[in-house]
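Fit chain U to the given chain X structure using the hints.
Residue-level listing of the chains:
There are 2 protein chains.
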Amino acid sequence: MNLIPVSDIADLRISAFRDVKERDLTGRQGLFIAEGEVVLRVLASPASRCVPVAVLIAEKRLEALRDILERLPQDVPVHIAPQDVLDGIAGFHLHRGILALGRKPEPVDLGVFLDGLPERAVLVGACGIGNHDNMGGLFRNAAAFGAAGLLLDQTCCDPFYRKAIRVSVGAALRTPFVEGVKASAMVEALEARGFEVLALTPSASEALAELRPAPRTAILLGSEGPGLAPEVIARCRPLAIRMSGGFDSLNVATTSAVALHHLTAVKGL
Amino acid sequence: MNLIPVSDIADLRISAFRDVKERDLTGRQGLFIAEGEVVLRVLASPASRCVPVAVLIAEKRLEALRDILERLPQDVPVHIAPQDVLDGIAGFHLHRGILALGRKPEPVDLGVFLDGLPERAVLVGACGIGNHDNMGGLFRNAAAFGAAGLLLDQTCCDPFYRKAIRVSVGAALRTPFVEGVKASAMVEALEARGFEVLALTPSASEALAELRPAPRTAILLGSEGPGLAPEVIARCRPLAIRMSGGFDSLNVATTSAVALHHLTAVKGL
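Quick note, the sequences are listed as chains X and U, same order.
Its first residue numbered 1, the first sequence is counted upward by one per residue in our numbering.
Its first residue numbered 1, the second sequence is counted upward by one per residue in our numbering.
In isolation and in its complexed conformation, chain X is listed as follows (with noise of 0.2 Å):
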């Protein structure tokens, strides 16, 4: 472990970490913050698509992540500091008291990407998603129910928002996924490879419940307010959740493992 002892907020060594919840917000060149230890574990993890650059973290929390800590290349900064230093450099409390900084992967090509995947398959696709709650939920669950990756449009936000990573609980690092896709050329380069597109809307006539699913399917979410634009649900066979009871509310990563469960759990129906 390269482990180096700061005590002083203004310490240029840890400049990268200096104000996140500002800086998250301006993004950063290929570099990404991310926080917590579930967090921490998969970056040092084989399956993390990102490498580990530096790591901040509170003395006292140095024996507990000892194991991860020493998974990491053998150069990385592993920077330790008080709680109270910490918060001083973070700009916020920081009770996880674990900060890593990382390197994002190479952007994947959609192309490429969907060549590259086997015969039976499932992907998500988010448009207009700029929650990053709902960012990371549908990492969480695209991970959970062992989706090949998502695609996210043009005007989807950042996966590696440290929230979004977060509440992903490190699947934002090692879910693949392609960026900055237009959801009419995600369709039709879907439809090119066979996979069926399904629209998820509460407008459709057609019950998820009762799909039977292709080998390759790829499900598409819009965000809660305005949903998918009609004339991509136009292009895609459109499939609604069943709700009862006047209250057809469901929050769109709720609604993304609600169709993975069934698309990948429900068998011979």
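One or more of the hints may lead you astray.
One copy or any two copies: either way a pair holds, since identical chains are not told apart in the list.
Claimed, not checked - List of simulated lysine to any residue pairs, SDA-like, C-alpha gap at most 20 Å:
1) 60 x 9
2) 163 x 249
3) 163 x 132
4) 163 x 31
5) 163 x 133
6) 104 x 41
7) 163 x 224
8) 163 x 243
9) 163 x 240
In case anyone wonders, no lab produced these hints; they're calculated from the structure.
Relative to the frame of chain X, chain U by itself:
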């Protein structure tokens, strides 16, 4: 409408709305604070189990909210204030510009509640849910899938906490629930009335997806960390949500949606 202009943050008539962030944490005898248009709409609707007591909104929101406000009882004061005064009263920037004070319904007795249920009913039992986002999500999903209500054990957090209400998109104000029920008493009371009690747990060998639900079914959910206690699971029919990819982690509210969808929408298995 009983419109009352407010221009002074020290105005005693709006003291119930003062520093709501702090007060939320300490609780408030029989009252709760709700925020946002969607929740206000539920509070003002016949479906609400709660009584509106007072409203405080930003001046600029008045016209857009007129249809909701006119549905409130005549004696409910509608305080209107400039945005900066509103922010000063609330103690933080209230970008939604809408706060409502409501009165909680009378507590519901477990036996009385269960005895009033129809022959076909689905219930959600929650044990140890301490996170308000998750509590709100459980209510939202219970309402969306037409569950008859929720049973909360004595270690659950308050569903009338501001954030829980917001995440529930108002379901916390309309869906019946019984509080403070020990898990063992919950299982006993449910079984006595012919409910099959399912314990959702990753440790189960039986998969949710293969279940043929009984006419009366309750699903029990534990907190994300420790989950349900082994002695509770032992008294129920344990079911797992099948996951794959070595990432077996679902949010507890998400779990409720997957289970409720299976119980209420998947027919003819």
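Hints broken by the structure, by number, lowest first?
8 and 9
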